[in-house]
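Protein chains in written order, with the numbering used here: chain C, 1342 to 2242; chain D, 132 to 244.
It is possible that part of the hints are untrue.
For lysine-lysine, the following DSBU-like pairs were computed, each having C-alpha atoms within a straight-line distance of at most 35 Å [to be verified]:
(1) K1468/C to K155/D
(2) K207/D to K1405/C
(3) K1405/C to K1468/C
(4) K1405/C to K155/D
(5) K1675/C to K2024/C
(6) K1435/C to K155/D
If you are wondering where the hints come from, they were derived from the structure by calculation, not from laboratory data.
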Amino acid sequence: MKTLLARLRIAWRGLTQPSQLDREMDDEMRFHIDMETQRLMKARGLGHAEARRHAAIAFGGVEKYRGAGRDALGVTWMRGLSSDLKLGARMLRKYPGLTAVALFALSLAIGAGAAYLEFLNDLMHGKLPFPESDRIVGIQTWDQESGETEARVTADFVSWRLSLRSFEVLGASRQLDGNLITDDGRAEPVRGVQITASAFALARVPAMLGRTLQTADEQPGASPVAVIGYELWQTRFASDASIVGRTIRLGRDLYTVVGVMPQGFGFPINHSLWVPLPLNEANYPYREGPGTRVFGKLAATVSVRQAQAELDAVAHRAARDQPKTHAHLRPVVKPFVESVWSAVEDSRIQTIVFYSANVFFIGLLALCGANIATLVFARTATRETEITVRTALGASRARIAGQLFAEALVLSSLAAAIGLGFAYYGLRWVKNAVVAGQKQPIMFWWNDRIAPETMLYAAVLAVFAAAIVGVVPALKATGIRVQERLKHATGTTASGLKFGGIWTGVIVTQVGVTVVFLAIVGMLAWSAYVTGGGKRQPTFPAEQYVSVRLALDVPADDPVKDDAYRQQFRSTFTRLSDRLSAYPDVAALTYGRRLPGMNPFFAHLEIADIPASQQPSTPIRTADVAANYFDTFDAPILAGRSFTEADSAGVNVAIVDRTFVRLVLKDQEAIGRHVRRAASETKPAGPWMQIVGVVRDLTDETGKRADDAMIYTPTRPEATYPVHLAVRARTNPAVVMSELRIMASEIDPALRLYDLQTLDNVSEADRVALDLFARLLAGVSLVALVLATAGVYALMSFTVSRRTAEIGVRVALGAKPSRILWTTFGRSMLQVALGVLLGSIPAALLVAALGPEVSAENGTNVAIATGVMATVTVCAITAIACIAPARRALKIQPSDALKTT
Amino acid sequence: MSQPAELLPGTLDLLILKSVSLGKLHGYGVLLRIEQITGGALHIQQGALYPALYRLERQGLIDSEWGTSENNRRAKYYRLTAQGRQRLRDESASWNRLADAMAAALRATSQEI
Chain C
1342 MKTLLARLRI AWRGLTQPSQ LDREMDDEMR FHIDMETQRL MKARGLGHAE ARRHAAIAFG
1402 GVEKYRGAGR DALGVTWMRG LSSDLKLGAR MLRKYPGLTA VALFALSLAI GAGAAYLEFL
1462 NDLMHGKLPF PESDRIVGIQ TWDQESGETE ARVTADFVSW RLSLRSFEVL GASRQLDGNL
1522 ITDDGRAEPV RGVQITASAF ALARVPAMLG RTLQTADEQP GASPVAVIGY ELWQTRFASD
1582 ASIVGRTIRL GRDLYTVVGV MPQGFGFPIN HSLWVPLPLN EANYPYREGP GTRVFGKLAA
1642 TVSVRQAQAE LDAVAHRAAR DQPKTHAHLR PVVKPFVESV WSAVEDSRIQ TIVFYSANVF
1702 FIGLLALCGA NIATLVFART ATRETEITVR TALGASRARI AGQLFAEALV LSSLAAAIGL
1762 GFAYYGLRWV KNAVVAGQKQ PIMFWWNDRI APETMLYAAV LAVFAAAIVG VVPALKATGI
1822 RVQERLKHAT GTTASGLKFG GIWTGVIVTQ VGVTVVFLAI VGMLAWSAYV TGGGKRQPTF
1882 PAEQYVSVRL ALDVPADDPV KDDAYRQQFR STFTRLSDRL SAYPDVAALT YGRRLPGMNP
1942 FFAHLEIADI PASQQPSTPI RTADVAANYF DTFDAPILAG RSFTEADSAG VNVAIVDRTF
2002 VRLVLKDQEA IGRHVRRAAS ETKPAGPWMQ IVGVVRDLTD ETGKRADDAM IYTPTRPEAT
2062 YPVHLAVRAR TNPAVVMSEL RIMASEIDPA LRLYDLQTLD NVSEADRVAL DLFARLLAGV
2122 SLVALVLATA GVYALMSFTV SRRTAEIGVR VALGAKPSRI LWTTFGRSML QVALGVLLGS
2182 IPAALLVAAL GPEVSAENGT NVAIATGVMA TVTVCAITAI ACIAPARRAL KIQPSDALKT
2242 T
Chain D
132 MSQPAELLPG TLDLLILKSV SLGKLHGYGV LLRIEQITGG ALHIQQGALY PALYRLERQG
192 LIDSEWGTSE NNRRAKYYRL TAQGRQRLRD ESASWNRLAD AMAAALRATS QEI
């Protein structure tokens, strides 16, 4: 280790202060010769000059030993690298255009790769911010028969806690969603968790105020206590320093606050309130009771594998002793974060797949690198004389390749630094988008930092990019025999570097890829134009409607099958709707499983008396709604009737919208027709429902497709879950919102309100992902376009400088400008044309496939328009890239030809 | 005085380590110390001392710092590191074994065979 440090220190000095290192060697050797001179003068009585001569001879040549000294220090190649890097930095300034294009493309590619790795490492394999976090694990229990996880493991946990030896700490938690009601009457849902006190022993994070949960709190009869999170303490309790000891209300229950956790603590996932998990009171039978998460900390010397072996033995015994419940159950130990998201029993394959996706980014980088290599090659060609002369002076091919590599390394390192900046901001954007999408705090271990591993990865990518950008052109450029090139460099022959097969291939591919990308982006743009960015204009004044999701504490997985829940919800909902209706600013209210504009539920439908070939092929949007739903949203019934209160009791009727009639029924008579949910692999077909009415669409009908069609069925509020309430305000929705909160907490403290907002703010969650995808695609397309333009420019520019002499002679012989342009650029233009042609085949297939998706009626026109647009854009851009080189070609005079030959 | 012997390959490093083990020295001091402890019996190309010093420094066997010499000039001083001391012990033992074996071999007479 010390040796390594000594070496690194010397290497660093060799790289950063090569001349000082030389000076020090000089000083040291000169001191030696001076001392020897003095000794000789004293010992042998020689004169100074003579003594010095003898001393110098005895020493044997400062220059020689300084060289040997550098070799001994291992800094000889460092010195070369140091000067190459400086030259590289100068080259960046000298060719700003190339630098800008290369930095742009490489930084995006490196940044994307680094961001992806950081995302994987941080989110999926993140480490909890606790001491010895690599020993913290989660235990998932898998039913190997059904292939699903079994969350009802309370009874197992109780027995594991007593018997397992592999774990230092074992704990469990259970989701606790409830309204936190503060003294001012504000009732807002809070993400709480019932958790064993052992979780705090596992985390080893002390409370910021008061204390954490203790084992005594779990005992039967202990007074109910709660620990709250920092954000909750700030937002709901105004950072009250005397909060400890105060009583808070959570739904119908009272708890005494005993502590406040520090900022950033959200164990197990993103929680902000912790109360004891009452295990002793709940003697659940095996595979019954609520879902419970089990986690633990491995004992100091125990590996995941050993813990798994112990659990396997326990599971084996349980399968033997309780075959009815445990025959197929297998508890699986995983690193904690992995146990949170992993949806397969053996998550290794999943992990491998996720990490393998890095290949895509490496491919993208290689593609960008190859393109930049084209540009660098064109630039290298302008430095041909320099390279030839250096070769003639004895520089090896490796030395010159090394120099070009070092230059490329400067470029790619800078790109990596910028790329890491992109990654940092990109990930923050994704994080915010996720928060906005799920309307919940983020997993508490997801941090904003870029980890050292990611920086190292970016550095590796930078070296990889430098290898492509620098070494390939270098090997190409130094491949020709020196003699030939010397002849060329001195002007005796016209042979020299050529834009050969590889580069032509790169440019043709580049142009082709750009056409394909533009076609995709074109289709997306069309789709966004046609569908209004995925959000359709509602046919009612959405900003006047307040929307809210209602929830009561859910006793089981499927609450609508639970009689007690139904009864309680019915009574709570009736009281709430009565009070709201009586409020002067409320014009109307209704409810539904989904409200207009929300992410819908889809179902495959079967229509009676229609041949199989005409059955709808796409799933149809469904919504369970109240009887007054259409009235409330100002949607007139166009045929038949609306729902009645009697329908809501479970009569099998349905109402469809006009789009359904138009695109699913193909304008046939709808009223009286029967439809049902088609049978699937897991579910039998639903009951037949009679269509009793046709309603005008609740959103703008323009450009709708068959899968935009809606079918409504009647329901009661307690019979659908989740249920959304829509309240139409007469004047001010904000007032209705705050009134709604107060009413809800007064009527039932256990009634939780989620996503309270006006309907015009409701966005479909899918759009977050779509938005991200669109931005990514737009970024990649922009890179492709910029690289294509730069590539064509480099090709043309290169051609002009190569053929200056020839053009000059042609001008002297009286050639017309058009003739000159054609003979000069003909071949290059053919390459571009080839690229466009090759790219337009996959592009055409793509747009032809996507056309009908975007627009049912005008699919073909859209496809043709997009294809033409992509091709014309690429041609136009390449034409623009040709302007400067063409002007240069036309300005060449016969005298220029004389100068170059 | 007899002709100085040529240095065997690899022995210069050992001699340098031995010299600096007796106290910190500048490069020229190392040369003088070697001459002193070998009684001037070995011929050393003076300049060759420096690449050897740098090599040992790079291996972490000796450490260096700039200081002031006896005649008040700036000079670079070398000192043995703990790792160097260990190396010196090992190399000395191995050298002694070799020297003993060589001496025994060269002393052998026909009667002993």
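So, going through the hints one by one against the coordinates:
1. Proposed proximity of K1468/C and K155/D is contradicted: the alpha carbons are some 49 Å apart, above 35 Å.
2. Annotation: proposed proximity of K207/D to K1405/C holds, straight-line Cα distance about 20 Å (limit 35 Å).
3. Only pairs whose Cα atoms come within 35 Å are accepted, and K1405/C paired with K1468/C is rejected, the gap being roughly 55 Å.
4. Restraint check for K1405/C and K155/D: satisfied, since their Cα atoms lie roughly 26 Å apart, inside the 35 Å limit.
5. Proposed proximity of K1675/C and K2024/C is supported: the alpha carbons are some 33 Å apart, at most 35 Å.
6. For the given pair, K1435/C sits about 50 Å from K155/D by alpha-carbon distance, which is inconsistent with the 35 Å threshold.
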